[in-house]
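Please take these sequences and the hints and turn them into a complete structure.
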Amino acid sequence: MSEQLIQQLVNGLLIGFLYSLIAIGLTMIWGVMNIINFAHGDFLMLSMFISFWLYTLYGLDPIFSIPICTGLLFLLGLLIYKYLVSKVMTGPALAQLVVTFGVSIFIANAAVLLWTPDFKMIEKPLLTGTWSFGTIQLSIPKAVASAGSVLVSLALFLFLRKSKTGKAILATEMNRNSALLMGVNTDRVNALSFAIGSALVGIAGAFLSMYYYIYPGVGGTFGLISFCIVALGGFGSIEGAFIAGILIGIVQTLGGYFFDPAYKYAIVFALYLVTVWIRPQGLLGW
Amino acid sequence: MGKFTPRQIALYVVVLVALIAFPLVVKGTFPTHVMIMFFMFAMMGVAWNLLGGYAAMFSFGQAAFFGIGAYTSTILLMNYHVNPWIGLVVGGILAALTGAAIGIPCSNLRGHYFAIASIAFAEIVRICFNNWKFVGAAEGLSLPLLPESLGNFMFHSTKVPYYYIMLAFLVLSIFICWYITVNRGGFYLRAIKESHELAKGMGISFVRYRLYAIMVSAFLTAMAGTFYAQYILYLDPESVLILPISVQVVLVAMLGGAGTIMGPVIGAVILIPLSEYTRVWLGTKGTGVDMMLYGVLIMLISAYQPKGVWGLLTAIGKRAK
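Protein sequences appear in the order of chains Y and L. Residue 0 is where the first sequence starts when you use numbering that gives the first Met the number 0, and the numbers rise one by one after that. Residue 0 is where the second sequence starts when you use numbering that gives the first Met the number 0, and the numbers rise one by one after that.
In short, the hints are calculated from the structure, not lab data. Any given hint could turn out to be false.
[As the list claims (entries may be wrong)] Stretch-level coverage of chain Y by chain L, calculated; a stretch enters the list once three of its residues show a Cβ under 8 Å from a Cβ in chain L: (1) 43-51; (2) 73-87; (3) 102-115; (4) 255-269; (5) 275-281.
[Said to hold, decoys possible] Calculated cross-link-like contacts (lysine-lysine; reagent style DSSO-like; alpha-carbon spacing at most 27 Å): (6) LYS86/Y <-> LYS317/L; (7) LYS86/Y <-> LYS306/L; (8) LYS132/L <-> LYS263/Y.
[Claimed, not checked] Here are some chain L residues the structure puts well away from chain Y; computed CB gaps all over 12 Å: (9) THR31; (10) ASN82; (11) VAL279; (12) MET290.
From the three backbone atoms N, C-alpha and C, an ideal C-beta is built for every residue, glycine too.
Written as structure tokens, this is what we have:
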């Protein structure tokens, strides 16, 4: 295996871990409420801008913005659930699909209005540079972001398995009515899941702002990819989203390497279509 | 559903006559343009309805069919001097075949899975067209100017002929969808929507009828695409193949009332003038205020009027009786 190929694999893994974190946030919402949050990518963009402005206005490094981004996105998720999503929960399926499209269009265009469509970047983050292992280069911010993503995913996994609230969320995901009968306050579980899902994408946004361009359209691509990851991993499956995220990251970089970088996302979407053809329920769905 | 009362027939005739008379009364380019866009999105909404409204296949990828229609006729015209009317039919057939090709792998997908798959499909098409030199890649294509005539599907001095062509397309689409839904195919589609398993048990081929619906819907949407190319005379992937077009089509159907024949028309008559006029009033600097309002509107509709305006009107109509 050539060293270039190993380098591509490393790059794929690095972006893959971050994809996993973004997708886990989405799959929680999807699994618990059977709702796709089409504004998920725009939440990511908002978090990146929060991080950007904290840096630009107050000189706060993105690594320290993580708790603030997480908290603010948690609140945003709570509000969107309470005032919008909870209203469509009993409505027709189409309304449930479309409502978050409205949120997405609104946020993306509000960002254009407020901050112009231009690309921004955090000029001098604390974490910068690369580690070299022979000929393999490892970007430090990307490595930290990936390690952080894995840790957060792990923490969430433990929270869902070990804590009482986490178990209530999992129970609701498995069977809403049974959970309700067992005394789970499913409305609170909904609100919490939506908020946690948003907070997770908030963390991912803070990580991403360390090394990625920040602009209102950034949510579009990341959002679409995370839908594919979630569906690929299987309906509401946290483990599935984690694995599918890494898989998509690797496929995307290798696809760009072997074919044409311009088509890397097309390859990802094609892989998704092929997978659901063979396994409509996704890799780990049931 | 199939039978109309005399009052309904009279109402439809009056509306049609009013629409035919409209360009004679209202002169001016912009109102005509808004009406043309209204007809076009109404047509695509009607076509979407066959999938989303009757068969619960919530397609968010109609832009792909729209784009395939627009590009096929344009490429045929530019490179092979094929008349756009023939291009329209070829584009429709190509879109229907593409729809079938994508419909087979997606035929077992339901609900959200279908929605995401349709987005993924449309994105693949967009990315490919953006990089495909033969179709002009990201720079797009400018249509060659032909002398204006109905045969050439091109008019320069006035928009009025486009208005009548699009109106005719819309009426044709409504008729086709009405015909399908009142006949056996429509019952099958609705049976599939109500209960997938039951329909299967009754011996209805789930896959086959869903494929038919996708193909007809793709054909009609591609017709609208060819029309758009002949009307705007310029094409690029970012104007015909993008997600917002697909979303607009879904919203038109949903606002009016998914699963009703006239629903998408009602939806389009509200939504399209609203978005065209707000764009002119607010969006001159590309600030996106018009789109923000649009987003708010979507949220309000889905939270408070999810059955659409048609549902509201029918409810009022029933109460009046």
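Structure-based check of each hint:
no.: 1; hint: 43-51; result: violated (count 0)
no.: 2; hint: 73-87; result: holds (count 3)
no.: 3; hint: 102-115; result: holds (count 10)
no.: 4; hint: 255-269; result: holds (count 7)
no.: 5; hint: 275-281; result: holds (count 3)
no.: 6; hint: LYS86/Y <-> LYS317/L; result: holds (26 Å)
no.: 7; hint: LYS86/Y <-> LYS306/L; result: holds (14 Å)
no.: 8; hint: LYS132/L <-> LYS263/Y; result: holds (17 Å)
no.: 9; hint: THR31; result: holds (27 Å)
no.: 10; hint: ASN82; result: holds (32 Å)
no.: 11; hint: VAL279; result: holds (16 Å)
no.: 12; hint: MET290; result: violated (4 Å)
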